[in-house]
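Protein chains: 2
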Amino acid sequence: MQFHHHGYVSQEPRVEPAAGIGLDRPEELPEEIDVLIVGSGPAGMITAAQLAQFPNVNTRIIERRGSRLELGQADGIQSRTVETFQAYGFAERIIAEAYRITETTFWNPDPDNPGHIIRTGRTADDATGISEFPHLVVNQARVLDYFAEFAERSPGRLVPDYGYEFVGLEVTDEGEYPVVVTLRRTVGEHEGEELTVRAKYVVGSDGASSKVRKSIGRRLKGDTSNHAWGVMDVLSETDYPDVRLKSIIHSDAGSILHIPREGGYLTRIYVDLGEVPEDDNHAVRNTPFEDIVKKLNEIIHPYTLEVKNVPWHSVYEVGHRVTDKFDDVPEDEVGTRSPRVFITGDACHTHSAKAGQGMNVSMQDGWNIAWKLGHVLTGRAPASLLDTYSAERQSVAVDLINFDKEWSTLMAKKSEDFDSPDEVAEFYVKTAEFPAGFMTEYSPSILTGEAKYQHLASGFPLGKRFKAAPVIRICDANPIYLGHQAFADGRYRIYVFADQAKAGEDSATERLAEWLGSDPESPLNKFTPVGEDVNSRFEVNVVYQQRYTEFDFSDVHPTFRPKNGPFQLQDYFRVHSIGDITDVNTAGEATSEEDIYDLRGVSRDGAIVIVRPDQYVANILPLDAREELTDFFAQSMTAQR
Amino acid sequence: MQFHHHGYVSQEPRVEPAAGIGLDRPEELPEEIDVLIVGSGPAGMITAAQLAQFPNVNTRIIERRGSRLELGQADGIQSRTVETFQAYGFAERIIAEAYRITETTFWNPDPDNPGHIIRTGRTADDATGISEFPHLVVNQARVLDYFAEFAERSPGRLVPDYGYEFVGLEVTDEGEYPVVVTLRRTVGEHEGEELTVRAKYVVGSDGASSKVRKSIGRRLKGDTSNHAWGVMDVLSETDYPDVRLKSIIHSDAGSILHIPREGGYLTRIYVDLGEVPEDDNHAVRNTPFEDIVKKLNEIIHPYTLEVKNVPWHSVYEVGHRVTDKFDDVPEDEVGTRSPRVFITGDACHTHSAKAGQGMNVSMQDGWNIAWKLGHVLTGRAPASLLDTYSAERQSVAVDLINFDKEWSTLMAKKSEDFDSPDEVAEFYVKTAEFPAGFMTEYSPSILTGEAKYQHLASGFPLGKRFKAAPVIRICDANPIYLGHQAFADGRYRIYVFADQAKAGEDSATERLAEWLGSDPESPLNKFTPVGEDVNSRFEVNVVYQQRYTEFDFSDVHPTFRPKNGPFQLQDYFRVHSIGDITDVNTAGEATSEEDIYDLRGVSRDGAIVIVRPDQYVANILPLDAREELTDFFAQSMTAQR
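Residue numbers (this note's numbering), protein chains in the order written: chain A, 1 to 641; chain B, 1 to 641.
Chain A on its own, in the form it takes in the complex (with noise of 0.2 Å):
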């Protein structure tokens, strides 16, 4: 974290100064709105966030219920979700109090008494290594409440405008605010009654029966028909051996799926309640819930579970489904137009709640169009940049989909038709990663690099997201992950991997950095406007292979130690080495002889890695790279010089 060099910080450093919008936001919904952000749960809220980043964009969320979130609905915390909470400086605090699962056991039919479940195995829920960060389980009202806390702390000092519901919404081609939007008051005094604003964008993170899809013409399309599922938030009384465990089980009565929550006691259950016929009518909703937990019991024989307290229950039913654009653009009139609504979220796809995916795909559909709208309304992008919205999150909503069809038709697949008992675990173990959120892999765009210089850093492929590593940051020797200080600023970051000199000695990391300081053409200078400080829009980080104690701080060129702020103050932060770990969050890989270089295959002829403000690899240059550098910006930054 870091602070004080605007002046002294006296309180909570997590408050940043307020900014533009921020030192003076109406507390009214005013009639002109740069992002209407339509629905504040994750989708939305992520959006709102990363959008109060950029205070001289004027954002409002709005959102029918009349206050927060109580409870109920997602609560599976991918690793990769953890890694994106670490941007937004709240992972340390939602991992304290978070469910952490660390294994899941299976349990099917005792073949020799098959009325009886017996536990077939147990899994490692990382078993390989995947993240640094841990798999969680806690309430979404939870995951809401950080992010609202961090647009609130932001420098747009963003707050949800809750008790508006989204009515309709029209595209005109007329002045700056193009969409004109109709909302309704649904708490206070002047409940029920509407009125229009105007907005430039509008994002609607409005849920499946989202009524911004439905006003740009979009439709979720896919199963016909769908799976019904009991949930339960309960305190229970049970001699179920693995209740604090995630356990799957199948037995002849039917399947569970058991999920352990946040603070030791309560458990999320969900038992499966088949195929809705395509005649049901939702009368499938009205399921009681002794009845579920009726067959819960039954299919946990010979344990019991006596339900103690219920805070939250439903009956749900869901399908397979995918809208085919995810904003307001036809196919074939892409690049002759710009988007100006986007939907995000569950608005986008439907899919089961089996493996945990909903809320955090949603969360990077949002952080995607969040940092791309703050770029294009700060002028830093040309509006070109948001097609890739649509572009990029549609098919990764497509993967999501495929994965939880198979992930749940095994799931409700009978037990006395599996192959082998182990067929659930090894498909779990086997898919890990997509789970866990890291199979995310942009194509080649004007966003991501072709993978003509991949090899010269192999374990940062491009499209996928910026895996942090272990190393010393010089200035203080702290050991640190390289990729877990990256704020969620709406920055660049490009890292540079130097080549065998040492920091001070001719080399081509000397010669890129001194250019990168000092040529107009450098994206540093021709991306960031006169007057602003250096770091403004792009932050760049070395690594050396030297140890840090090999040289000293006062050695590293100036560019990789900035001046910024009032004060003119360098950064230390930006300068690593390599070096021996024996302190760091995870054990993992701390202990290991390999550095950085090892870890991620990176040349030692050294290499230049760029990656997006939301996290993903966007290009890998080598040093020498100059034009080629400059032109890669070029295509989604707009010159300000």
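Please note that the accuracy of each hint is not assured.
Identical copies carry no separate label here, and so any pair may be met within one copy or between two of them.
To be verified - Keeping only pairs whose Cα atoms sit at most 27 Å apart, straight-line, the calculated DSSO-like set for lysine-lysine is:
(1) K563 to K308
(2) K294 to K563
(3) K214 to K308
(4) K467 to K502
(5) K563 to K200
(6) K325 to K214
(7) K214 to K452
(8) K413 to K295
FYI, nobody ran anything at the bench for these hints, they're computed from the structure.
Keep in mind it's a predicted model, so treat the numbers as computed, not measured.
With chain A fixed as given, assemble chain B onto it according to the hints.
Just chain B now, with coordinates in the frame of chain A:
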């Protein structure tokens, strides 16, 4: 973190349900107060925070200032203190925010060019793995904020009363509230007005010039002369290479202690101004800031430091002094009456700031008296428990003064007088455990057992704090540190290290569990009131020698998974096993092949380790100790049945 068991918690789970005084806490200072704390520094705030966990005790904390501390003062946080913060639930947040000391460098005159300093050594801050917690530097104001937050979120909903100055007190022998205290309002429309309150107990945490101390006739004794230091928090531009490392600089021009601060830019610099002549009459305090900066630049030559911004600076003089007793009962009256007034922190001991000790020792003073007052005022303990406060903490203060004298003498020594340039570095490494806060070792008393059974758990020295160690929590297969879950709730912890039998098999462990749960003479029954949960006064934890896969949670004796709360739900978090730790907070111990029995020298025949509410090891007993166990607690607890 455990919650939801008293009903679903939708918002921040760190906010506990209000109880007792917290349900309807009067805003104005009442006339009768159970515990009046004077002064809201670190000693006072931890006292308040701990007492807020006893909502049936009416505690108030007054502060002369009209609002919270803004800046300045102490900033060194020992590992022992971070361990303490863990118990108060904010370790992970303050770690994320603070500067972390991993190394210290030593600078001395260049032998070939004595007018220039050179780096003569560097040492790891915790070279021997004293603690799994880091050594931090952070603004004292933030420490106070976190304790204030804890106090306000505790059942007692305690908040400081700003704007009251302590004038004087008298200990009468009248009534339930025998201490008559005169206060004066320092802010608001009644500024200057005096008022009288009556208290059962008063805790003076009012600093080196404590009026509470004076009111009980005690005096700081020790050095007759003072040493002066110029101290500054600065944002600067410098070519000094170790500006972000703790460094100790001796040059011909004087000496400096250089401490980086939180946020990556700020540094605290102590410039030695030498012994203060007896007739100085505080003239040294008028040393101009510019003179101190000039001296600083002379010391660090050939480097320079240009100050850009100065949030805080001061010149202070301090001597090594300690009060002979920390309460109002003269030595020769101990045992005839119980103390009513206590002093803590700087009111008891003053010394240099050089070893970063003051705030840390002060907090341990405060925690010590706080839980004891909580126990006495809730009828858990007889008033005689309060005699142990001064007995325990006064000798800690004497050790502190002696250590700091040695350390500050070394710091003040001229570089030409050193036997070797490494003299400072060697002392620093050799004595590391003391400044890390782990050398406190209480002598045998009603709270600390004799060493009779120390051999059963040699790695948990009696009277020293319980050193956490890695285990697996079996219910959820989470790798944790046994000890990190000990919340500052005023309860005793009983750690049962099982013998070699498995859970559920007939064994000394099983028989102990049975006795603990069922025998009226067991401490769990004898010292817990009828009608209260069996875990309301003692938290019993068990560690088994098997791996967690070798038995089921449901095999464990019910004493180790007690039912509690309105729904009488099982506590799942008290049962542990040895196990491979592949992913824990720090790497040091995590990769060890040793289990907790090896790491802490615990007998394979098992042992009982009793830990006080403030984390110190109170006693060690064999598994078959019955009478001894009850008798030990009977010395400091009151039978409830």
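Right, here's what the structure says about each hint:
1. K563 to K308: Intra 60 Å, inter 13 Å, cutoff 27 Å: inter-copy only.
2. K294 to K563: between (66 Å within a copy, 24 Å between copies)
3. K214 to K308: So K214 and K308 fail the 27 Å test inside a copy (42 Å) and across (57 Å) alike.
4. K467 to K502: Within one copy only: 25 Å inside a chain, 42 Å across chains, cut-off 27 Å.
5. K563 to K200: Neither: 35 Å inside a chain and 57 Å across chains, both beyond 27 Å.
6. K325 to K214: Cα proximity of K325 and K214: one copy only (12 Å, versus 77 Å across).
7. K214 to K452: neither (41 Å within a copy, 78 Å between copies)
8. K413 to K295: within (17 Å within a copy, 79 Å between copies)
Hints 3, 5 and 7 from the list above are not met by this structure, while the remaining hints are.
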